[in-house]
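Asker: Protein chains in written order, with my numbering: chain A, 639 to 868; chain B, 16 to 420.
Don't read these hints as lab results, they were simulated from the structure.
Watch out, some of these pointers could steer you wrong.
Said to hold, decoys possible - Taking beta-carbon pairs under 10 Å as the criterion, some of the chain B residues facing chain A (in silico): (1) GLN25; (2) GLY329; (3) LYS332; (4) LEU334.
All C-beta atoms, glycine included, are put in the ideal place defined by N, C-alpha and C.
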Amino acid sequence: MTMIRLKNLSKSYNLGKEEIPILKRISLDVEEGEFLAIMGPSGSGKSTLMNILGCLDLPSSGDYELESMNMLTGHANKLAEIRNQFIGFVFQSFHLLPRLTALQNVELPLIYSGLKKKERKERAMDALKKVGLEDRASFRPPQLSGGQRQRVAIARAIVNKPKFILADEPTGALDTKTGEQILSLFKKLNGEGVTIIMITHDEEVAKKADRIIYIRDGELFKERSEDVHA
Amino acid sequence: MLENIRISFQSIWGHKLRSSLTMLGVIIGIAAVIAIFAIIQGRSEDLKSNLIGMGNNTINVVFEEEDMYGEEGMWGGEMSNRSAPPIKQEAIEEILTYPNVNGMSIYYEGWQEAYHLINVTHPRLLGIDERYFDLFPTTMVEGREFTESDFASYNQVALINEVAMSELFPEGDALHQTIDIGGIPFKVVGIFSDAIEDSDWYYPESTIYLPTTIWPLLNGFDAPMQVAVQASSSETIQEVGTMAADRLNMDLPPYETAIYQVADFERMMEEISQYDQAFAFILGGIASISLLVGGIGVMNIMLVSVTERTREIGIKKALGAKRYVILAQFLTESVVLTSIGGIIGILSGLGIAKAISVFANMPYFVSVPAIIGSFIFSMFIGIIFGILPSIKASKLQPVEALRYE
Ligand SMILES: Nc1ncnc2c1ncn2[C@@H]1O[C@H](COP(=O)(O)OP(=O)(O)OP(=O)(O)O)[C@@H](O)[C@H]1O
Ligand SMILES: [Mg+2]
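Input sequences plus hints: build the corresponding full structure.
Answerer: Right, dumping it as structure tokens:
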């Protein structure tokens, strides 16, 4: 079943007088339960696409549907609600709040959905268990290793049972071995039915996904650009 | 909300020096208001309690030229030492039957040296009737009060207070001794203490009481008498005083130019409150300027704080924090900041007022409404000067905020 449908999605930035197109008429379907990797060179527009998929930013034109629901409502609070309910974020630089403990970081999305304290704690703890960090629940990010931080971030992404997880270079700041641990964690979650969209420019990382699509100069390709030319 | 307050404290605590410097403006502003208010209020409370019936609903009816309480108010009047026709016993008895009248006393008052051997004192000398102590209760330390026969038999007896005793009898043992006033000997039959006044700047003066009946021996029969009337409640003081004065005036001979009258307390209170208002106005000016400066400081630091935490805001928004959540967080922080400043300001203001009152020997008054008002006002400053940075934070675009390094 198709979960995400992008149709003719474009994004351009206004730099002074010039309109600079970053994403050009992108169309993409993502199936439920899929593990999709988006690859592309630096500056190709990967993060821009991810921001739009994550409802952090709005496209200049085009459609974006999640399970036939239009995601392009203009209102900031409505977008916040969509992010909170449907999307789990994993960032390259983790984006944890340094003053909060691991557990409190994981709790954050649940606070914004208005859950009671007791249920919040339970669910956050469950999510930490899933990533194998229940014994680090009271640690603050600076006391954790990079891999552990990213696992906390993943726990935070799955805690609200989102429709899909958006990961922007989740292994980018980690060494190969730790990166692999994160990827197998993604694999495991995906095996449990979680839809994952992962952005990377590392071929080895992308290979773990079910499907890879390529982006170059704001355009999508089903295959690697070299292969297209060959 | 509680969570927000906790986070605010953490973040303020995290920047101790910066936060305290920011608070300084608010602290100084609030401290100034509280201190000045405490001193001014202290002065005017003190004035009021001295003016009005010594706290026991008693009002003095005085015999004076007609316009004594006219234009200049009480301050301009000059106590004359003119003679007055004696007050008739039946007038007193009649006044005592008036509604709301609790008691009445007539007495002579003057200043005259008293001697014992080579010791001298300059007491406030009072010739009191048998009802005086009903209105102005005294604590006897030694001996007895005046008896009926003291009045009836014109006994040359005196009650002295502890101050007079220490001046006349430095070696103690005053009871039954004889003192000399205006060449007339009086026997000390009692020693009383007048520590009833609990104002901390009150210094008890030397006081000596004689029976009214013996007074003419010192000052003749036409010495003017003080009349004190006690009302049943503070609301009826003015009315009771006026009624008593009217009754006493009925007995005056037609050629008399002076009349019995009472001070217009309501008017005096009004005058005092006008002074207070003027002070409050100046005070308001000083306070608003320093609090404006303090407020701008708060706004400045909050803007810095928003910028510093751009990424945090971005993360929270990405995770689904709505605008008001971010707004509330920063507004709470700003209000907590100014409220702490307000509390410190109130405490230091009270400390300053206390210090001034000790060193300058002035009364000071802790006004609870002023403290509560200042506290609410300091919170209000937090809202006013915190709203702009908070709105700025709440409007940050999540993408930009996440990109922020
Ligand atoms: N706010 C903006 N204003 C102007 N141009 C922007 C803005 N945001 C991104 N761009 C441009 O859009 C292009 C794509 O940026 P994007 O961050 O999506 O690239 P990326 O594929 O994620 O690169 P990387 O692999 O380095 O992260 C870049 O050329 C960038 O300069
Ligand atoms: Mg990127």
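Asker: Against each hint, give a clear statement of whether it holds in the structure.
Answerer: Taking the hints in turn, this is what the structure says about them:
The interface hint given for GLN25(B) is met, as the beta carbon of that residue sits about 7 Å from the closest beta carbon of chain A, less than 10 Å. This hint holds: GLY329(B) has a C-beta 8 Å from the nearest C-beta of chain A, less than the 10 Å allowed. Hint on LYS332(B) holds. Least Cβ distance to chain A is approximately 6 Å, under the 10 Å limit. Against a cut-off of 10 Å between C-beta atoms, the interface hint on LEU334(B) holds, since the closest Cβ of chain A lies about 5 Å away.
The structure meets every hint from the earlier list without exception.
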